[in-house]
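*Asks:* What follows is each chain in one-letter form.
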Amino acid sequence: MSAPLVIETQDLSKVFGKQKALDGVSLAVAPGSIGLLGPNGAGKTTFMKCLLQLQPITSGSAKLLGREVGTEGRDIRKRVGYTPEQDCHIPGMAGCEYVTYCAQLSGLPFQIARQRAHEMLDFVGMGQERYRKIDTYSTGMKQRLKLAQSIVHDPEIVFLDEPTNGLDPKGQAQILELVQSLWRAYGITVVLSSHLLRDVEQICEQIIIIARGRVLVHDSLANLKARKRGAAEVVVPGRHEELEAACARQNWPCELLANGHLRVEHRADSLNPLLDLLHQIHLPPLEIIPSPNALEETFVQALEISHAAA
Amino acid sequence: MPLHDVNYKHWRGAHLGLWERRWVIARNGLAACLQNKWMRNLVVVCWVGGLGGAVFLFLVGQLLVADSVVVKWTATFNPNLRTFVGLLTGWLENHPELSVGTLQNVLFYYFCTWLTRLSIFALGMAIPLLITRDLACNAIVIYSSKAVSRGDYLLGKFATAFGLLTLTWLGPACAAWFVGNLLAPDWRFFWHARVALENILIYGLSSMVILSLLALGVSACVTREKVTAAFWFIWWVLGSVIANIALHTRPWLQHLSFNFNLNQIALATFRVGDNIRAAQENIPVLGRLLGHIRPAEMAALDTPNLAGTWLALLIMLSLAAWVVHGRVKPE
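Chains as they are written, first to last, in my numbering: chain A, 49 to 358; chain B, 49 to 379.
Just chain B, same shape as in the assembly (with noise of 0.2 Å):
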């Protein structure tokens, strides 16, 4: 016999608000990413690379200060090296638009890059608790008899890979942002570091929300958890190597591959091309070595096909929202 009192309890209070419900399945379903080991670890692996960044900027930081440790320790090696880190140093310091500016640019483009594969990766682990997993057991009934509509469930499953992606991708590029210039010598780098900011939030926001759109729509697909991850793979790896063929063949072929469009939307944003000119303009012994780079790779980062890019983005979301419609309801 139970102690307690096991008979019905009436309830009368005050409901949660809409934003609650769908914050609800969103929290929810972030809970069931991070369960398992391996997207932990893949969370891990973004934030440890955050913080690589932001130890990056810290010591670029330190060699636009004459007297900074770190232009001290270079002296240790050699003087003609020390020399040039003051000549280089004295640069920097006339320049804070190039030498801050552009060069987080650059740097948070690629760091940015990076983020954009560990994230897809991290989509892909995820994919099969979006959707798939509610539809496959039917639990999607039980949501539709609850106070949400399928608008504010697909709401919250949309949350739940933005939030999957803030944590993997614009979380530890805006923490490197962050921290880099709190550590820099000079409050200063804040401001002129702007840019890469803007680029980060303007790149990462929209490229989180066209991944996490076509995540949903890959999750309808079918019931079957391994088909679906399989499938988002499959076009991750093959979209990347198809972009690499046809770059000489049918370019048009490229855009078939998200992470592709996706680029084209960084190099557009973070004006990739412009950037490495004027350090190969303006600053010394770096731009030289830039200057190595091929006409044709910096043709391609030069001129990003955004008209092609936006087509073919706009296509795969249709296609993404076609299928979420007819796959997401009760029956």
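With the rest of the complex left out, here is chain A (with noise of 0.2 Å):
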């Protein structure tokens, strides 16, 4: 038996002004470490925002952990954190008391929520700084705190809106380590939204992505990592013409690149197919580029979008 959907979005819409952030979002996400990507202004921040009811909803209806968003908000917040991506602390409190504060806003008796602030602070490797106000923390610091209060009421799924942001190579890894173990370890749905696909593929097993508020694809990384289109980039030194010929014959379709590269969709699984052409026309290739995977290339294909839009 399939484990129930965590989210779930039908015609999904959010409209700012004349602008739309989400256009008909219709996906179906079952439970596990979920990469929300694309470029910045894609849609990501508001998707999660709709879904958590912090942006009113357009058109479309949306459930989160099966309950109808917009009509039990309270409570399905209550089994969701959230990480936002901008500082939101409150100045003047420390660290443990304000995961304390957030603990006891998601309804944690004080006791509890004290002792559980301290534990989500240690998980996230928060030392003694923890009792200094906020307003002195560094930024890694703030990003620990805030994946901190997310996870202190122990919830279901927890969005991260850029967790990453403003880290260090190694901050950003200490991060990405954490948050991969919710999932993996302790069974907590993560979303992740990033506009990096290496910090996604680094840690999430299903993809959504997102480009001018549509969904181009939603599919598991090993699903997108698998599906290539069979086709490659091949530079040739001249002789443009044969291998164009050669090509042809094989009805494989060819074209001729702005760079002087011959894209050449062989529709095989490897370039076997394609290598063994050039060594009938004894055209020694100086670089044959494999095709992209379907994840590499939709990511492009957003960017692309996403540039022309602008």
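Quick caveat, the hints were computed from the structure, so don't treat them as lab data. Among the hints, a few may not be true.
To be verified - SDA-like, lysine to any residue: derived pairs with alpha carbons at most 20 Å apart:
1. Lys85/B with Ala277/B
2. Lys274/B with Arg375/B
3. Lys57/B with Ile160/A
4. Lys377/B with Ile105/A
5. Lys57/B with Ala233/A
6. Lys181/A with Ala187/B
7. Lys57/B with Asp202/A
8. Lys274/B with Pro139/A
9. Lys57/B with Pro203/A
10. Lys126/A with Gly199/B
11. Lys274/B with Gly140/A
12. Lys126/A with His63/B
13. Lys57/B with Gln163/A
14. Lys377/B with Thr119/A
15. Lys181/A with Asn76/B
16. Lys190/A with Ala187/B
17. Lys57/B with Phe158/A
18. Lys111/A with Val77/A
Claimed, not checked - Not close to chain A: a few residues of chain B, all C-beta gaps over 10 Å, as computed:
19. Val118
20. Gly172
21. Val227
22. Ile282
23. Ala327
To be verified - Covered stretches of chain A, going by a simulated chain B footprint (3 or more residues, C-beta under 8 Å):
24. 106-120
25. 133-143
26. 148-160
27. 164-171
28. 199-206
We put the CB at the ideal spot given by N, CA and C, even for glycine.
Using the supplied hints, reconstruct the complex from the two chains, each of which is provided in its own coordinate frame.
*Replies:* This is how it looks when you write it as structure tokens:
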């Protein structure tokens, strides 16, 4: 029996004035580590905010953890954690006070809230600095604190909006490792929003790519990586015509790109047929660039859509 | 390497109820307000004032008993004074409704208006901590992502302001009434002074609700803490100045001052004019002293403009609600 869906949306749209931030998003997402990938301004944050009721939905419907968003917001948010992209700390509070307060807001009694706050601060790797005022924290500490407040009430799903922003590579790796463990070790569904393919690829099992408010793809990382179109860019020292003629004989579409490379759709999982063909016509290639997998390709497509719109 | 388990732990337990979560917001807000040393000092001043009120009531109560320490003590100054006090005592004992009820009513009117000023000042200091700071640092997003709604958040913040006013106003006033009558020579003082307590509660609670709502509106105006605090104090001071200037020119302008409007409610609640007239007519000596109040001042005490007051307050509260509705949201 498959696990119940954590996110279900049907024609979900969000409009800001004349700008469509979300355009008919329909998704059915199972529990796991989910990467919400797209360029800046693609609609990732708006999508999360609509699910969390931080933004009202313009049209369509959405369910989170099986409950209707919009009618059961308070109850849903008891079971949901959220790490916003921007800083959102209450000045004048120490880190442990802040996390305790967040736990209480989520409905934990004070004693338990305080105990869990310290446990979560341990979990995210914060030491004695937890007793300092948040105003004095570095970006890395603030990111850790945001993560701690989002999981202190033991949510079933946690939304993380660009959690590695502003961190150095070491800090990024540590945060990603923590996030990864939330699903793999503790079974908390993670929705990681990022514009960095590397981050998402590293820790997510499901990928949703968004561009201009539309979902371009929703599939597992394994499927997307396995899915290749069977094409390659071939760099040859002149003699383009010979290769084009050979490809035509094989019924392989071939196209001369602006950079002088030839793009050949050989429709095979491996490059062997293409190499055989080159061998047959005695044309040694300078370089062969295999086609990107569907994940990279769709992400590039999302970037292109975004740039075209800009 | 940590000596204790730093792994994530699940928690399954009963969540707090909705009102408890609202109370968490209120308590946290109140604690933030009281972190300010000046605010704590102000609260202390209010309670010292309450203590002073209780002592004053004790002394007044002692005047009503012929063999009390205070009456004997006055005799040490001048035998005539003893005769006078003796006469007064006898009279007061025969008219407890006037000597206790009316007197305490007038006293608490002045005490409450004094506490109002201190409370408005305290609220001005607290305004940046109500909503302004949450808007400025995006904490509003955190509240909105937790198991509380916008309404819960606002209720919590309202309770913060209300709680602060309870500390600076209703608490000291009620304590003064209770302790003052507890120390009185006769338990019947509680009964005779009941009207004063009713008026304290009616005026105090209604004004505290109004002030708390106005404070929320001002606090949500902008995201700069100094600006919201300055706005409150300027409105208060400028409004009071305008109210005094406009008295003889355009009286409706007086209603621009929330302080003036609150005072109108106080006058209507405590019926100060009626009380002073009753004192003038019935209490020897004191009545003659009160007779020096100018007719214009007496008229102002006598006929508060309640229609204009409520209309002005309604407009102010609507504006505050509009500001809060427009500003207090996650985005």
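*Asks:* Hints first: check each against the structure and report whether it holds.
*Replies:* Structure-based check of each hint:
Between lysine 85/B and alanine 277/B the alpha-carbon distance is near 17 Å, which keeps this suggested pair within the 20 Å criterion. For the given pair, lysine 274/B sits about 18 Å from arginine 375/B by alpha-carbon distance, which is consistent with the 20 Å threshold. Between lysine 57/B and isoleucine 160/A the alpha-carbon distance is near 12 Å, which keeps this suggested pair within the 20 Å criterion. With a CA separation close to 14 Å, the supplied pair lysine 377/B and isoleucine 105/A stays within the 20 Å bound.
Distance check on the hinted pair: lysine 57/B and alanine 233/A sit about 11 Å apart at the alpha-carbon level, within 20 Å; holds. For the hint pairing lysine 181/A with alanine 187/B, the CA-to-CA distance comes to about 15 Å; that is within 20 Å, so the pair holds. About 8 Å separates the Cα atoms of lysine 57/B and aspartate 202/A, which keeps this hinted pair within 20 Å; it holds. For the hint pairing lysine 274/B with proline 139/A, the CA-to-CA distance comes to about 15 Å; that is within 20 Å, so the pair holds.
Between lysine 57/B and proline 203/A the alpha-carbon distance is near 11 Å, which keeps this suggested pair within the 20 Å criterion. Distance check on the hinted pair: lysine 126/A and glycine 199/B sit about 16 Å apart at the alpha-carbon level, within 20 Å; holds. A C-alpha spacing of about 16 Å is found between lysine 274/B and glycine 140/A, which places the hinted pair at or below 20 Å, so the restraint holds. A hinted pair counts as satisfied when its Cα atoms are at most 20 Å apart, and lysine 126/A with histidine 63/B qualifies at roughly 9 Å.
Simply put, lysine 57/B and glutamine 163/A have alpha-carbon atoms about 11 Å apart, close enough for the 20 Å limit, and the pair holds. Distance restraint check for lysine 377/B and threonine 119/A: the Cα-Cα separation of roughly 17 Å lies within the 20 Å cut-off, and the hinted pair is therefore satisfied. The hinted pair formed by lysine 181/A and asparagine 76/B meets the criterion: a straight-line CA distance of about 16 Å does not exceed 20 Å. Among the hinted pairs, lysine 190/A with alanine 187/B is consistent with the structure: their alpha-carbon atoms are about 13 Å apart, no more than 20 Å.
Of the supplied pair hints, the one linking lysine 57/B and phenylalanine 158/A holds, its CA atoms being roughly 17 Å apart against a limit of 20 Å. Proximity of lysine 111/A to valine 77/A is assessed by CA-CA distance (about 10 Å); at most 20 Å being required, the pair is judged to hold. The beta carbon of valine 118/B sits about 49 Å from the closest Cβ of chain A, which is more than 10 Å, so the claim that it is off the interface holds. Look at glycine 172/B: its CB is around 18 Å from the nearest CB on chain A, clear of 10 Å, so calling it non-interface holds up.
Consistency note on valine 227/B: stated as away from chain A, and its beta-carbon is indeed over 10 Å from all of that chain's, at 33 Å minimum. No beta-carbon of chain A is positioned within 10 Å of the beta-carbon of isoleucine 282/B; the least distance is around 24 Å. Non-interface call for alanine 327/B relative to chain A: holds, since the shortest CB-CB distance, roughly 50 Å, exceeds 10 Å. Requiring three or more residues with a Cβ within less than 8 Å of a Cβ of chain B, the coverage given for the stretch 106-120 of chain A is violated, as only 0 such residues are present.
A count of 7 residues in the stretch 133-143 of chain A with a Cβ less than 8 Å from any Cβ of chain B is obtained; the coverage claim is therefore met, three being the minimum. As drawn, the stretch 148-160 of chain A meets chain B at 9 residues by the rule of a beta-carbon pair under 8 Å; at three or more, the given contact holds. Closer than 8 Å: that is the beta-carbon criterion, and the stretch 164-171 of chain A has 5 residues meeting it against chain B, so the requirement of 3 holds. Coverage of the stretch 199-206 of chain A by chain B holds in this model, with 3 residues showing a Cβ closer than 8 Å to a Cβ of that chain against a need of three.
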